[in-house]
Amino acid sequence: MNHALDALQDLGEQLERLAAEPRTSRRAWWPWQRRTLAAVAVALIAASGAAAVTLTRGSSPPVAIYGMKLCPVSYPYLAASAPTRVVYPTDYPQRSIPESRGVTCFASLTDALDAGYGIAPAPAGDTRLEMLYMQPAPASVLSVCQRASSEIEATVYCPTRLPAPWVTPALEYECPTDGCGVALLSLSGSFTAPNSYVGSAPGVGEVTIWQATDRQQRLYPYLVGCLGNRARPIRHATYRGNPGVWYDCSMFGGSTSSMLEWHHGNESYGISADGPTPLRQQVVQYIAQHMKALN
Amino acid sequence: MAEASEFIELYQRDAQAVLVFLTRRVLDVEVALDLTAETFAQAWRGWPRVRSGNEAEVRGWLFTIARRQLSHYLRRGRVERRALLELGLTVPVLSEAAATEVERLAELDTLRSQLDRQLSRLSEEQRRAIQLRIVDELSYPAVALELGTSESTARARVSRGLRTLALALEPAVAHQRSAP
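Which chain is which? The protein sequence lines are A and B, in order.
One point on numbering: in this note's numbering, the residue at position 245 of the first sequence is 1618, and numbering is uninterrupted.
One point on numbering: in this note's numbering, the residue at position 37 of the second sequence is 1061, and numbering is uninterrupted.
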């Protein structure tokens, strides 16, 4: 490196210090996870009153931090013995957790299941895909699609259901030229999941929904398609009567995301999601089944 | 899993290339340094999943992350700092000498003159913002003062203007693609 670039040297020194530490000590919880867990734990502890805390293998009682009862980081799976004996996956939608008693925190979902707890059913209106919950897409997503639809002279496919919690606050469509004559749609956003869902990072997945002409795909490989990764066709598919192909978008020879691409008129469309196989394909399939075509 | 020491080697080998790559696309060293820092923070977070010792593939992966940062910036008009915050890293202060050096490496002078010819493609407010920040090289607070807007609005106008110009500038930056 050119040492005249002192800013890069400074950053490099920070990274060296980071690399010298044990990686586990850097695992940080996201603020929303801390808030959610704190709120859920406080609500459940309050509801439990003086109920005894059940201790089983692979579990821990809640701990008190800053006056709040929390599930310890190593035991993130909150379970309640009453009114029903259920365990809540770490991304269980908070709004739907009923008042419960007999709270225990488990190290893993398996520990909770072994202890005789069942997984809490998905809240009404939600769909559970293994460890993920699919919910109606935020209103901002439809709003972006509608704006894009008014300016792109082609059918716009808009997702109506997405993995929750969807953490990307704003989505935008690309409009690289005046008047949006060659506008392309590229909606990408992140969702959070249990740490065992490894997408762009442990506990974080990314979904990209795009449409573009062939020329735009060549000009914006970082916005559409496999986002610069190698695309390996897996099998042919048909999407709403249009020809399509499933791809694995590979990095280092290992799959990191799955993409369903189809063609309609002069446009190519795609949905991709990263995460563990085959769940990420289920996510893409589910989103595809719940797309709304805007003309 | 790749070793932590190999990540430092990756940084030492490619940090400057990433910075130049991003500088040529955002035409702003300060923003490019922010994007570079977030790129490496995200790369560090994903490093445990890297199993290949192939230098070219690792470099391709790194530039994929950089491209994602670029697209986020162009879409949202602000730099993503999620991984930096999570890891507790700070973006270094850019000295004037270092900024000049990066601009020289990125051949920004040439790009600026090409950009100047493309400004007519922009709306008046975007053209003014790009002119002040990229061509006249004013700081964002100064640009905001000139435009009579907040700093965040000034930043958004610059990034949107750059996005509009991306198509026109693409041939000029295409040769950089051989780098990653």
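Derived by calculation from the structure, the hints in this document are not laboratory data.
Keep in mind that this is a model prediction, so the values were computed, not measured.
A hint or two may mislead.
[Claimed, not checked] So these bits of chain A aren't anywhere near chain B, every CB distance computed over 10 Å:
hint: 1; residue: 1387
hint: 2; residue: 1504
hint: 3; residue: 1509
hint: 4; residue: 1516
hint: 5; residue: 1523
hint: 6; residue: 1526
hint: 7; residue: 1534
hint: 8; residue: 1590
hint: 9; residue: 1604
hint: 10; residue: 1615
hint: 11; residue: 1619
[Stated by the list, open to error] Chain A side only, calculated, beta carbon under 8 Å to chain B, not exhaustive:
hint: 12; residue: 1379
hint: 13; residue: 1380
hint: 14; residue: 1383
hint: 15; residue: 1388
hint: 16; residue: 1389
hint: 17; residue: 1391
hint: 18; residue: 1392
hint: 19; residue: 1498
hint: 20; residue: 1502
hint: 21; residue: 1515
hint: 22; residue: 1517
[As the list claims (entries may be wrong)] Output of the computed footprint for chain A on chain B, the stretches with three or more beta carbons under 8 Å from beta carbons of chain A:
hint: 23; stretch: 1028-1036
hint: 24; stretch: 1054-1065
hint: 25; stretch: 1116-1127
Glycine residues also receive a C-beta, built at the ideal position from the N, C-alpha and C atoms.
Should the hint that residue 1517/A touches chain B count as held when the rule is a Cβ pair under 8 Å? violated, 10 Å
Given hint residue 1392/A near chain B, where the shortest CB pair must fall under 8 Å: Because about 4 Å separates residue 1392/A from the closest Cβ in chain B, which is inside the 8 Å limit, the hint holds.
Would you say the stretch 1028-1036 of chain B counts as covered by chain A, given the rule of at least 3 residues with C-beta under 8 Å? holds (count 6)
Can the stretch 1054-1065 of chain B be counted as covered by chain A under the rule of three residues or more with Cβ-Cβ separation shorter than 8 Å? Our answer is that it holds, as 4 residues pass the Cβ test (under 8 Å) against chain A, meeting three.
Residue 1604/A clear of chain B by more than 10 Å, beta carbon to beta carbon? Nearest chain B Cβ is 13 Å from residue 1604/A, so the label holds.
Looking at residue 1509/A again, its CB stays over 10 Å from all of chain B? Residue 1509/A clear of chain B: closest Cβ-Cβ about 23 Å, beyond 10 Å.
Exclusion check [residue 1523/A not at the chain B interface, CB over 10 Å]: holds, 18 Å
Interface hint compliance - residue 1379/A to chain B, C-beta minimum distance less than 8 Å: holds, 5 Å
Once the shortest beta carbon distance from residue 1383/A to chain B is found, is it less than 8 Å? Because about 4 Å separates residue 1383/A from the closest Cβ in chain B, which is inside the 8 Å limit, the hint holds.
Taking the shortest Cβ-to-Cβ distance between residue 1615/A and chain B, state whether it exceeds 10 Å. holds, 26 Å
So, as I understand it, the hint says residue 1389/A touches chain B; can you test that by seeing if any CB pair is closer than 8 Å? holds, 6 Å
Hey, does the residue 1502/A contact hint survive, CB to chain B under 8 Å? At 22 Å from the nearest chain B Cβ, residue 1502/A fails the 8 Å test, so the hint is violated.
In this structure, the earlier hints numbered 1, 19, 20, 21 and 22 are contradicted, and the remaining ones agree with it.
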